[in-house]
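Enquirer: The lines below spell out each chain.
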Amino acid sequence: MIISWHLLKNFIKLSVTPEEAAERLSLSGAEVEYILRPEAKIKGVSVAHITSLTKHPNKERLFVAELDTGKGKAVCVTAAKNLKDGDKVFYGAPGSTLADGTELETRDFGVVESAGMMLSAAELGLPDVDIVEGILALPESAPIGGDVTTLYGFGDTLLDVSITPNRGDLLSILGMARELHGLFPDSELLPMPWETPRNLSEWPIEFGSISLPDPGCVNYNLGLATDVTIAPSPIDVRVALSHLGMRPISNIVDATNYVMLTLGQPLHAFDLNTLPAPEVTVRSASDGETILTLDGKERTLTSKDMLITSGGVGIGLAGVMGGDKTGIADDTKIVLLEGANFAARRVGHTSRRLGLTSEASFRYTRGVDPSLAESGIDYALHLMRAWSGAKIGYRKKSAVNAAPEPKPVNLTKKKLNTILLWSDMDESAKILEGFGLKRVSQSISSDGPVMSFTPPTWRPDITIEEDLIEEIGRFRGYNDAPDILPGVLPRRADIGVETSLAGALRGVAIARGYVEAITYSFLPERFTEALHLPQSDPRANPITLANPISQDWIAMRTTLIPGLLSGLKESQSSGWRDAVRVFEIGRVFLRDEAAKSGHREEDSIAGLVFGGLDPRTPWKETIDDFLSVKGDVEALLASRGRSASFVVGVQPFGHAGQTANITISIDGEERKIGYLARLSPAVEREMDFAEPVYVFEISLSPLETPKKPVYSPASPFPAIFRDISMLAPAARANDEVIADIKAAVNRSEGTESLLESVRLFDVYGGKGVPEGLRSLAFTVTYRSKEKTLQDKDVDGLHNKARDALTQKGYSMR
Amino acid sequence: MSDNINTTDLKKQVEDLLASFRSSLSSVNNTDALQELRVKTVGKKGALTSLLKSLGATTPSERPAAGEMLNKLRDEIEEELTKKKAALIDAETQAAEATDQVDVTMPARARASGAFHPVAQTMHEIVAIMQGLGYSVALGPEKEEEHYNFDCLNIPSWHPARDMQDTFYFPDGTLLRTHTSPVQIRSMLKYGAPLRVVCPGKVYRRDNDTTHSPMFNQLEGLLLEQDVSFSVLKGSLRELMNGFFGRELKNRFRASYFPFTEPSMELDIECVECGGKNPDCRICKGTGWLEVCGMGMVHPFVVRAGGIDPDKYNGFAFGMGLDRMAMLKYGISDLRYLFNGNVSYFLSGRNA
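Protein sequence lines correspond, in order, to chains A and B.
Those letters in the first sequence? Residues 656 to 1468, per the working numbering, in order.
Those letters in the second sequence? Residues -12 to 339, per the working numbering, in order.
So that you can see chain B by itself, here it is in the shape it has in the complex (with noise of 0.2 Å):
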């Protein structure tokens, strides 16, 4: 190379080496070889480096035509690369992935997750929607004295449901209580009224057939305030009803009796299966009603043997079966399978 070289010749020689660049590039087709060509062309012996060099070597007054030509030169190779570089990192990811796949359908490496009791799922449904309202829970022993259980309810001692054939009795004459209405007592006699509570958890009877086990669990509530309608309970249960089954449901009063209460009623629900419309129906056996819970303004006995005075509060109660409850909710035919612990009842729906 002469000492002095002229534009001519250097845009011949960068015309040439981009060709050249461009040629190779074109042939790269992993980031090693990419690599390799940026050695040789912008490495420290590269081509471009040394065509760099030789710019010392133009005369002054070229030298910034030639500066800018070779600054260019550079820019374009450099970006070149660059792009290449980007599109090959993608490529290889992308084949990388396609060689690295998981079988989306195999099993999870993870336990199966576990399933609500519907019974317990009931009550604590019930017990959100009640709090809403109001009501606090109370809860209670399960082994209980008579005086709770029967003498504070109105039920004298030569009532029928106190007799050996109906209630759970031990030896020292206490009982596996048969309601849970003596949470009731024990309510009003631990805090006094105004008061609102509801009282979930498991009673006990002495019946064991396909629609009685010996023992179930109840939700029984209280109110006693001060000049309390019956309109007020119809507006509890209304809200309890239509708040647990998730929709408007007809409902209906029906008198009854409960020595705890007077007056006392019934509510039966709209049957939460065919809604009155199967004469069929193996659920409200086509009468479009179910029978779902008893209640009635709590009789002034009962409220004076819960230390309160009758002629200054009064109030109503009610109680439930919370299992026919669930039930009725989640579609269980049979008592029997709430309370023998088999598991594969409860993930038999799964798949359903």
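Here chain A stands alone, though its shape is the one from the complex (with noise of 0.2 Å):
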């Protein structure tokens, strides 16, 4: 909302300055954004009057003026046709600058110099004021040598406010002035700038009835003006709306736009001779009753909107917009003003569904003062009067549903005291107001002293007393009160066991290398085409939003992994070539017919290695692969006291012999908690990935509670080391080995079991293995708890063990 200093001077004497007035309104709710001084950069510009007007003795297009400055005599040239003698112009001499900062000089046209310009609306800043292509004309009142900054409204300082919603009042010139008065206790509120219409008569013309149908209008008002001529408005006029942003049309309609920002109060005038009967109702549309707009589109209605009819036909869209045929023309001689407020739930319904924002629909759905509706129809027919000639003074046509009385409100000592830490009641008083609101009672009740106060038409906002504490804070100001921290609780605070996991986590990925990340919740459908995800997987079937903002991002999440790999495309693309180790911790969206909301939300954990597009290193050792990113997986689980095991698994997506389950012991049974994947070679081909992608993903809530650790001393006593050499099929799991070593030296022990540990040491395959073989070399760790080994103690044993591995049908070596 842009507000005019020149303007708001028609409203309230206030004896500050623009900046002060800014620093006051942003600090108790209307927040300035910026103060604009538009015409800032224009010098020596001042009213001249054309003497004598020739053409240029041989420049065709061109005409010679000379001027009369006030200070002197000036020759100008021009290309602009809309000149006469005697006109009186804006001229800048040489040396003055024009709205851009552009400086003037005095340029050759041949035979003629033309000194400085006659200018044009553009070239103060405001192209909408002119009326005519060309130089701008003034009024023949216009003094010779006064200043531009000082006429007109030209030079003005506009204040562009940022107006919350529940101040629909501050949206005008009017209602700024009552906020300003209310902040500046000591500024006067002038009275307002038209005459009360007296000796009224009644209409030359018959019309018939107002009707209101639909309580969503609360009242509805007609004015007339007769034998209007449509002209272009005042200069001035012209000027202070091209300030506040609209386009000046003619004399009635920046009437009514005028008077819409300076008193806030929207307004519609229809030539009453393009009116289908004479009468007008104000009901709810029918269901696909269809109206064109007077920006030329048809509109398809429900019974929701609110529609004004003239003999059955659309003529306006209540307090959105007006119809196409009822306006105003060139040749409207008759015009019927509607002044009329309508539900502000109404119209912002209709102006919503239809994407149709209109300054006057803006207001409505803030709330505009019902009481105004009469007076903006007295202001915009005075104004007719002063910029057309109109007759007026015709009784105006009233409708009224009942509107909402302003409801008194309390203000208790004690609460005001709870929440400001401030109890001065009649210094509160005079603060509400200030603001409007009138005092009706005071009395001591059993919470100490209340007074009531009722708020005045144009503050529906205040219905509570925290609405009046609110008033009497804001013109406080909330700086000069203590910070105060909050006391102790009975309890202690929790940070929760989501958030402590997820902290503990994340510490452990970026200490082994990973980079966190935090991409969308939203992806494109096709993600699980992409995972090569088979309808049966419940991750197939995302849940999808209705209103998508593009098909990009259209479904939940279900899985973690394509945010990790469009991350790691955008990452490539960005010309990293790098390896990219990178986790997310976050949420996905699963179908869940057993919850009452149908889905369900689970945290997960998953990362992605890729060992860059540029794998060479000096150290061959730190190249990832399935089992660096094992380790990686084991270090997070280990932080929360757990080990893993895992298992051959099958992922759609993942590489048929580089996948695994992991799995954890909960209560004594293995879980799977998650998967560890290489890319399938189809998939990475696909994404266009040239080096091998690990993926792994792990849910969070088994991880919840961690497991504590159990200690125990070493031993006393030394052990004994055999190492173990075999041969054995390449496509048996290591794991199971080492089961089949362990279940070998128990099956051959006496009481005490010695078998500490099993270690793999070396694994070779390859030339000197046969075929389908792999060499595998453990190291075997005896201990006794009670006594120092001997060679004698182990030897027996271990050479069983040895044999019971042959017969089981591996080769020892």
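Here are the computed distance ranges between Cβ atoms for each label pair:
| hint | chain 1 | residue 1 | chain 2 | residue 2 | range |
| --- | --- | --- | --- | --- | --- |
| 1 | A | T1443 | B | V89 | 37 to 43 Å |
| 2 | A | I1321 | B | K264 | 54 to 60 Å |
| 3 | A | R1340 | B | L176 | 47 to 53 Å |
Just so you know, the hints here were simulated from the structure itself, not pulled from any lab data.
Glycine included, each C-beta is placed from N, C-alpha and C at the ideal position.
With the hints in hand, could you dock these two chains into one complex?
Expert: Quick look at the structure:
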């Protein structure tokens, strides 16, 4: 909302600068975003009188004007065709500057030198002020030599104010004057700038009734102006409208807009002769009914929209936009002026449903003072008479549905003191009265002093005690209040297991070289295809948005992997060639028929590892593969006291030979909590990844309760180590071979188990090892809890174990 | 050698032996040669050993003096051997180290360390600060019901925020929460008062331009106790801001409006970039202030919707964008870097 300082002075006598007013407004709820002085750069431009206008001696299309500038004579060349002898214009002498900062100089037009320029509205920064193309024509009364920035509102200061949705009353100059009066008690509100009409006469034409079957129309009033001559508005009005962001159109339309901007009351002017019938009805539209609005578009309506009709024909979409056929035209003679009040939520509904916001609907949806409708008509008719010579003074026609009456609101000293730590009731009353509230009573209740206030009709937002306290608080400002810390609660603050778990895991992941990512919760629907998810996979059927911004952001993710993959793509297209290790802790959304909401949200951690586009390195050991990523997963789980098992698994997007399910033991049962996989070569190829991509994803809920470690002291007795080297089928899992070794040792053992551990220290396949086999070498650790073992205690045992393994089919080496 | 040797002869032999030992010792330059000399001198067949054997041939009267002389000789030789050995080991170790050098400027044989996401980091930092002020963390669903997201928050059905233009809806009428405020309602219903929570999380609005992401992160706080003053809100937020940015920042509270708080305010902090000193500052646009947080005293309607009696308990709520906080603290200029999963951006600060 733009406020003109120049127009504001018509409503309030205020002794502060625009900057001071802006600061006070900003701190008290109406944030002034900018202070604008659009004509600040104009210098040295003043009114001049054309004493003679002649054609340029040898340049067709050019004219030579002789000017009386008030300080002397000047000669100017122009191409404009709209001038004549005796006109008054704004003239910039050489050395003066225009709105855009251009400095004027003397220009040679052959034979004639042009000293400076006569100016158009565009050169003064306000192109819409021009009525016809050319030099801006001034009224005859323009004072010769008068500086432009002192005339017609040029040089105005504008405040661009952000108005909160509860303060529809501030969407006008009048409203802002009232607000400033409340904020600056020294100021003085001026009387309204029109006379209350007296000696009213009846309408000279037949007109039927106004009927309001729809209660959403609070009141509806019609004024009349006859003998209208359509013409441009006075220049100061055109300047004001331009400053406030509206385009001047004609005296009648401008009068309605001017009143809307100054009083906040939207008005609509009909050409009476185009009205289908001499009556107006405001009713709910019927479903499917259409109206052609004045922007030339046909609108299809529902029963929730309010329609203004005449003779059964729609002539306006109530509070939003007038109809196409009944507006003001160049030959309009009789103006029917509508000033009405429509319920905010009804206008809001229609405006939003149609995506149609107008100056009127913007105001109605934020609430317009119902008492303004008639004042608005009076003011506009007053202006129409002044600007178009219209005949006015006809009695208004009105119809009213019950309007909400402001109800008194109590202010207790107790609550005032609780919230603001300040409790001067008399001072509070002064503040509230400054904002237009009326004190209606005061008493002492069991809670102490109480005062009751009735808000003015333009403040329907004040309905409860807290609203009164807000008025007092914002007047006083919040910055001088003391800062107090909250007291001690009878229980400790709990950061919550989800947040502390996330904190712990991210610490581990980052320490192991992973970069943390946050990716969008929504994905393109085709992500399921990209991951080769079959229909039977629960992740293949995501919940989708009804109104996505785009098809790329429609499906709620069922896995974190697509976000990480697209991040990898993004990294590569931004030129990143090194390894990528990235993780995300986030939420997935899965359909769940058993849940009340039909879905469940699960938090997971997912990781992605990619060796980089150029994996060359002096340290081969650092190149990531399935097993290095497995180490990361183990570290993540170890931070929660969990050791995982990895068993061969299947993922639709996983490499058939490099996919594992991750399981942990919960209450004695192995539960799958996630997976680790290399992407299948097909997926890698389809996504154009030149090197292997490893991914893992682990549900967080099973990790919420950390498992405490169990400690035991080192054995005081030394261990004996024996190596076992053997050939095993290449496809047999290491875990399985170790289990066989343990079984073989334990089978041949006596009462005390001496086997402490079996550790793989070498694995080899290839040259020297028969096809289908691999060579594995283990260290078996024997230790007794009771004595120092001797070689003889172990040798027999170990040899029997070797025999047992040979019998099992292993080839011992 | 005669059966009887006298001390004078012995003394001569001792001097000769010591001189010959020392001459040999001085030419020894490695531990192997030293070992050889040791054997030659004090070994079973060594010169000193045979001299010691000759002690038996001395007369009883001379024996003590001869014994003392030979013992002294042995001690001297042993000591010099030990010293020489230590010196040789030192020299050999030094020589070995000199030939076993690592180029300390070679790249480490390990992964580069990872990096945090500034928004997640910000969330954890602020949660920790607020925990210190007694605020627990509350979380809730991201797919939410209109009831919790709007109705309970005094946002009526005709309010513009509920428009399809602004909010993501699902076909079943549920929506992606537009703020974390529904978690406040759920917390009130679950825990009652007194209550002190912060609610961090992802929220969604139907906006997508250079300054708006359709998904962003918020942290809201709620305190409901008895007779709560606005001043406690001021104190809490001062600590939050100063704690998060790590220094005392000027702040100012401006009146504002939110449907769910009354009175409502907004908090501006001193520009963390220029402190209000740069009229061309791209962060504060020369105003010296940064708008960081909306807040207010919880509207009685909302307290009631949370199942708590507003005549008994009152309090305040506040909300801020974690993305904005992160961008301010970590100097991130473009929102679009935050959610595209591009590691290069988060690693780019490494060499700065």
